[in-house]
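Trainee: Taken in sequence, the protein lines are chains A, B and C. So in full-length UniProt numbering, the last one in the first sequence is 312, and the numbering has no gaps at all. So in full-length UniProt numbering, the last one in the second sequence is 352, and the numbering has no gaps at all. So in full-length UniProt numbering, the last one in the third sequence is 260, and the numbering has no gaps at all.
Treat the hints with care, since some could be wrong.
Stated by the list, open to error - Between beta-carbon pairs, the in silico distance windows are:
#, chain 1, residue 1, chain 2, residue 2, range
1, A, Q145, C, E96, 47 to 57 Å
2, A, P133, C, R85, 17 to 27 Å
3, B, L66, C, Q211, 43 to 53 Å
4, A, K94, B, E314, 24 to 34 Å
5, C, R45, B, G141, 16 to 26 Å
Said to hold, decoys possible - According to the in silico footprint, chain C covers these stretches of chain B (three or more CB under 8 Å from chain C):
#, region
6, 90-96
7, 143-150
8, 164-174
9, 179-191
10, 247-261
11, 281-293
No lab work stands behind these hints, which were simulated from the structure alone. Backbone N, C-alpha and C define an ideal beta-carbon position, used for all residues, glycine too.
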Amino acid sequence: MARPTPNGLAQAFQALRLHSSTTSRPVTRCLARQTRTYATEVEGQQPSALATEEQAPAAPEIDFSNFSRRPARIVPASPSYFSGSPRFIDHVLKLESLQAKYASLPTVAAGDAPRMAWFKFAQFRDYVGEPVPMKKYKSLVKILQRLNRIQPEMVPREVKRTLKSFLRPGNPYAVQYVQRTVDENGRARAKGKRKESIAVVQLVEGEGEVLVNGKSLVEAFQRVHDRESALWALRSTQRLDKYNAWITVRGGGVTGQAEAITLAIGRALLMHEPALKPVLRKAGVISVDARRVERKKPGHVKARKMPTWVKR
Amino acid sequence: MIVRKLCMRQSRQLLALNRRAPAYSRFLSTETPVETAVQTPAKESPAPAENPLHQVVQASRESRKLKPRQQWNELEKRRHKFNTLGSAVQESYDPEDILRNPPKPSDITLEMLLAAGTHMGHSTSRWNPQNSRYIFGIREGVHIISLDVTAAYLRRAAKVVEEVAARGGIILFAGTRKGQKRAVVHAAELAKGYHIFERWIPGSMTNGQQILGHCETKVVNALDEELPEFKVDLADRPSVKPDLVIVLNPLENVVLLHECGLNNVPTIGIIDTDADPTRVTYPIPANDDTLRGTSLIAGILGRAGEAGQKRRLEMAAEGKTDYEPITARQLRLDPLTGLPPPGSELEKGQQA
Amino acid sequence: MGKINLTALRVRKTALNQFASGKINKLPQWVDVVGEIPPSETLIRTPPPQHQLVRQRMKTVAGSSKPQVVFEVQENRRKSKKPSRLFQPLELKYEEDELRQDFFRDHPWELARPRVLLESTGKDHENYDWSRIKQPGKRLDGESVVQRQLWLLNNEPDMTKSNAYDIARREFYRLRLQEDIERRVAAEEAEATGANFGPSHLEIGMDLENQQYEKWKVWARTEAQLFEQRSAALSGAPEIALEQQSEKEETFTEQPDVPV
Numbered sequence: 001m002a003r004p005t006p007n008g009l010a011q012a013f014q015a016l017r018l019h020s021s022t023t024s025r026p027v028t029r030c031l032a033r034q035t036r037t038y039a040t041e042v043e044g045q046q047p048s049a050l051a052t053e054e055q056a057p058a059a060p061e062i063d064f065s066n067f068s069r070r071p072a073r074i075v076p077a078s079p080s081y082f083s084g085s086p087r088f089i090d091h092v093l094k095l096e097s098l099q100a101k102y103a104s105l106p107t108v109a110a111g112d113a114p115r116m117a118w119f120k121f122a123q124f125r126d127y128v129g130e131p132v133p134m135k136k137y138k139s140l141v142k143i144l145q146r147l148n149r150i151q152p153e154m155v156p157r158e159v160k161r162t163l164k165s166f167l168r169p170g171n172p173y174a175v176q177y178v179q180r181t182v183d184e185n186g187r188a189r190a191k192g193k194r195k196e197s198i199a200v201v202q203l204v205e206g207e208g209e210v211l212v213n214g215k216s217l218v219e220a221f222q223r224v225h226d227r228e229s230a231l232w233a234l235r236s237t238q239r240l241d242k243y244n245a246w247i248t249v250r251g252g253g254v255t256g257q258a259e260a261i262t263l264a265i266g267r268a269l270l271m272h273e274p275a276l277k278p279v280l281r282k283a284g285v286i287s288v289d290a291r292r293v294e295r296k297k298p299g300h301v302k303a304r305k306m307p308t309w310v311k312r
Numbered sequence: 001m002i003v004r005k006l007c008m009r010q011s012r013q014l015l016a017l018n019r020r021a022p023a024y025s026r027f028l029s030t031e032t033p034v035e036t037a038v039q040t041p042a043k044e045s046p047a048p049a050e051n052p053l054h055q056v057v058q059a060s061r062e063s064r065k066l067k068p069r070q071q072w073n074e075l076e077k078r079r080h081k082f083n084t085l086g087s088a089v090q091e092s093y094d095p096e097d098i099l100r101n102p103p104k105p106s107d108i109t110l111e112m113l114l115a116a117g118t119h120m121g122h123s124t125s126r127w128n129p130q131n132s133r134y135i136f137g138i139r140e141g142v143h144i145i146s147l148d149v150t151a152a153y154l155r156r157a158a159k160v161v162e163e164v165a166a167r168g169g170i171i172l173f174a175g176t177r178k179g180q181k182r183a184v185v186h187a188a189e190l191a192k193g194y195h196i197f198e199r200w201i202p203g204s205m206t207n208g209q210q211i212l213g214h215c216e217t218k219v220v221n222a223l224d225e226e227l228p229e230f231k232v233d234l235a236d237r238p239s240v241k242p243d244l245v246i247v248l249n250p251l252e253n254v255v256l257l258h259e260c261g262l263n264n265v266p267t268i269g270i271i272d273t274d275a276d277p278t279r280v281t282y283p284i285p286a287n288d289d290t291l292r293g294t295s296l297i298a299g300i301l302g303r304a305g306e307a308g309q310k311r312r313l314e315m316a317a318e319g320k321t322d323y324e325p326i327t328a329r330q331l332r333l334d335p336l337t338g339l340p341p342p343g344s345e346l347e348k349g350q351q352a
Numbered sequence: 001m002g003k004i005n006l007t008a009l010r011v012r013k014t015a016l017n018q019f020a021s022g023k024i025n026k027l028p029q030w031v032d033v034v035g036e037i038p039p040s041e042t043l044i045r046t047p048p049p050q051h052q053l054v055r056q057r058m059k060t061v062a063g064s065s066k067p068q069v070v071f072e073v074q075e076n077r078r079k080s081k082k083p084s085r086l087f088q089p090l091e092l093k094y095e096e097d098e099l100r101q102d103f104f105r106d107h108p109w110e111l112a113r114p115r116v117l118l119e120s121t122g123k124d125h126e127n128y129d130w131s132r133i134k135q136p137g138k139r140l141d142g143e144s145v146v147q148r149q150l151w152l153l154n155n156e157p158d159m160t161k162s163n164a165y166d167i168a169r170r171e172f173y174r175l176r177l178q179e180d181i182e183r184r185v186a187a188e189e190a191e192a193t194g195a196n197f198g199p200s201h202l203e204i205g206m207d208l209e210n211q212q213y214e215k216w217k218v219w220a221r222t223e224a225q226l227f228e229q230r231s232a233a234l235s236g237a238p239e240i241a242l243e244q245q246s247e248k249e250e251t252f253t254e255q256p257d258v259p260v
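All chains should be built: construct the whole structure from the sequences, respecting the hints.
Mentor: Shown next as structure tokens:
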């Protein structure tokens, strides 16, 4: 009995995928094989030959009298078969030969080369279908980058085509970053995050009124310190009485919410007055604090704390 | 200063303490540090109209400037022109030559082997006494390999490669040392063989189904054309095993040679004075540390394989083969049991 | 079989045995190839090639008018005659080795000159004719002297080693001098036509040395000052120290006035 090993099945499917243009015969045969392999217990009740023929109509007979139609050998498809990752090695060799061929073409500095989004590691593994280690993938990317550095006007068509096949679908670098500005009603809308809190601020020119979730600042924050830090962007630039803020904040605790508001107000203020950037940067208002709670690990009491050692 | 150095030595965290903290001044004071006036960005007024002549001048300048491709072509032309100047260098050594255009086995001369440095063995203290018959003498504490023996063994190995190629055998070139990659790949290309220039994965032969199972194989006819209609018969087949393995550095590929022994595959290897000659079927006593030497030997064997493949294809063009080809019936049989798959036409024919 | 692993050498036999016992149902394609071209007998020990030091000389013999070629053979002495040493390779010795050793002992700086070790075809010796010391395609160096001396020893009648050495050496010196002059003239010509060679190695070296010396002078001055201050502080009140110093200076300046 032929045991259906995963590799065998994989290869059969690969064959189907790669040769979808072949006659219907291989497909039907493959299906027949599958039914055979999975129904080993009910072998006695095999469907009659007629039934199978109905399912899979007989393919046109191969003419074996013709010498060139006769099989002779089973050989590996790629010369790097024995390396265990033939597709990857073939890609590398092809790229290296391209690099050697066009080594004399003028290049531009790495920063001036067009920005390309190569396959991410996992995507590349899917693409070649082989467990390629990270280090080897990095060496391949290095060759790609060297080829990409050829002067853009002089890139040969061959190189262009090859490089294109290593790009991940979609073009992440096509998205243009749009500078947000104050809207037609004079409102600047900005978001800020700190710990688990998210604050959204609408800032308009006004007399210094602040509403946090519909409450006044004093109601929202009990501590003076929190109130100070929430409005620090305005206070440090002496704009407390020049803007009105309408704030929605959710998630996290009091400190987190206060500091999320700081960041949001800082950003909103920047939309009104871009020239304040150095001042706000120095005041520490528009620097994002990306620290989050560290996850707990198994075997630890908290993120890093170990259970106390007990003798016996 | 001493305290600072102590910090540096003791820990990074202490060092980090020394750094200025990020601006937390707002937590410490209620005073406003700066005084600035409200300023709104002034709307950009359209730039004043430029001198109309400026554009004309700019355009003419642009047209005179060569495009990069033209520039490069000019440069190449100039380079070619200057390359022909000066004295013509004859018989110069070009390291690429052995890689690009390796000699044939019939061209082997002792001078060629000598120039490639294949005669240099290892220090006398590192020798393997089984190599004593390949050693010519001792010079400056180093064993010198006898070049006539090298040439004879190399010719013999080349003959083996040629014959195996002519019989449609699968030839594997292995050279896993740094720098042997190109020689190995080119030799395999010439001999229509297979190559390994990175680590041999242990078990590729003894546990082939697991390690090479996902790699593709194909059924070819005697003219080396692929027959896609047999693609489905290849599933569940054991992985392909080489018929001849050529190792450029047997010392580092002990596992490969061991697996060849277990699978009964003949091997050819470059045996330096410190290697064990019984590890391979056909030793080639030579220096395995010189890249020039190993590329030369790999190239010669590649050329031999090329001749064998040519012979095989010529025979196939006449409709003959020097080997027993696999039949369609054998392909359809179960590779493990040798029985036809149940419910197939083959089985019916057998029962009848 | 004990230490020696013969699997690789016995591939064909194993394949035939496996086929006979039915382990494999088809003989591999290489079986007849390995049968036709069998692997060599790796394990047989052969006596190592014997190397003798052969000296070729031309000697005038009393009877004949023409000088005759005489070969003096010197047997290589074995270190030991133990059977275990019987199959060990022997030292390779050539006559040039002594000549080379002599020359480079007398001219050690010849070893410092750059040398081409790479051989393009291995047939360079075919172009050389050592009846003269200068060879096309080879730069003049110590090896030229050695080869020329050997040629003289081999081909000149009644030549002694020291005589040959003197002749070869003299030719070598003359050509070296000529090379030097040629180089100097070429440099002068080039300078006359506007070439600028920049500072020589020696000048660069001297400059670097000068820089270091200037640095040292600055350092030494500060050190001396520091030392003086320290000694003054140690010896007590600065005034006394200063006085002592001035006294010393006086005595120092007065010394020349002392009549001899």
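Trainee: State for each hint whether it applies.
Mentor: To see whether the hints hold, each was checked on the structure:
1. Q145/A x E96/C: 47 to 57 Å: 54 Å, holds
2. P133/A x R85/C: 17 to 27 Å: 51 Å, violated
3. L66/B x Q211/C: 43 to 53 Å: At 47 Å between Cβs, range holds.
4. K94/A x E314/B: 24 to 34 Å: 30 Å, holds
5. R45/C x G141/B: 16 to 26 Å: 22 Å, holds
6. 90-96: Contact hint for the region 90-96 of chain B vs chain C: holds, 3 residues under 8 Å.
7. 143-150: holds (count 3)
8. 164-174: holds (count 4)
9. 179-191: violated (count 0)
10. 247-261: Our answer is that it holds, as 3 residues pass the Cβ test (under 8 Å) against chain C, meeting three.
11. 281-293: holds (count 3)
In this structure, the hints that do not hold are numbers 2 and 9, in rising order.
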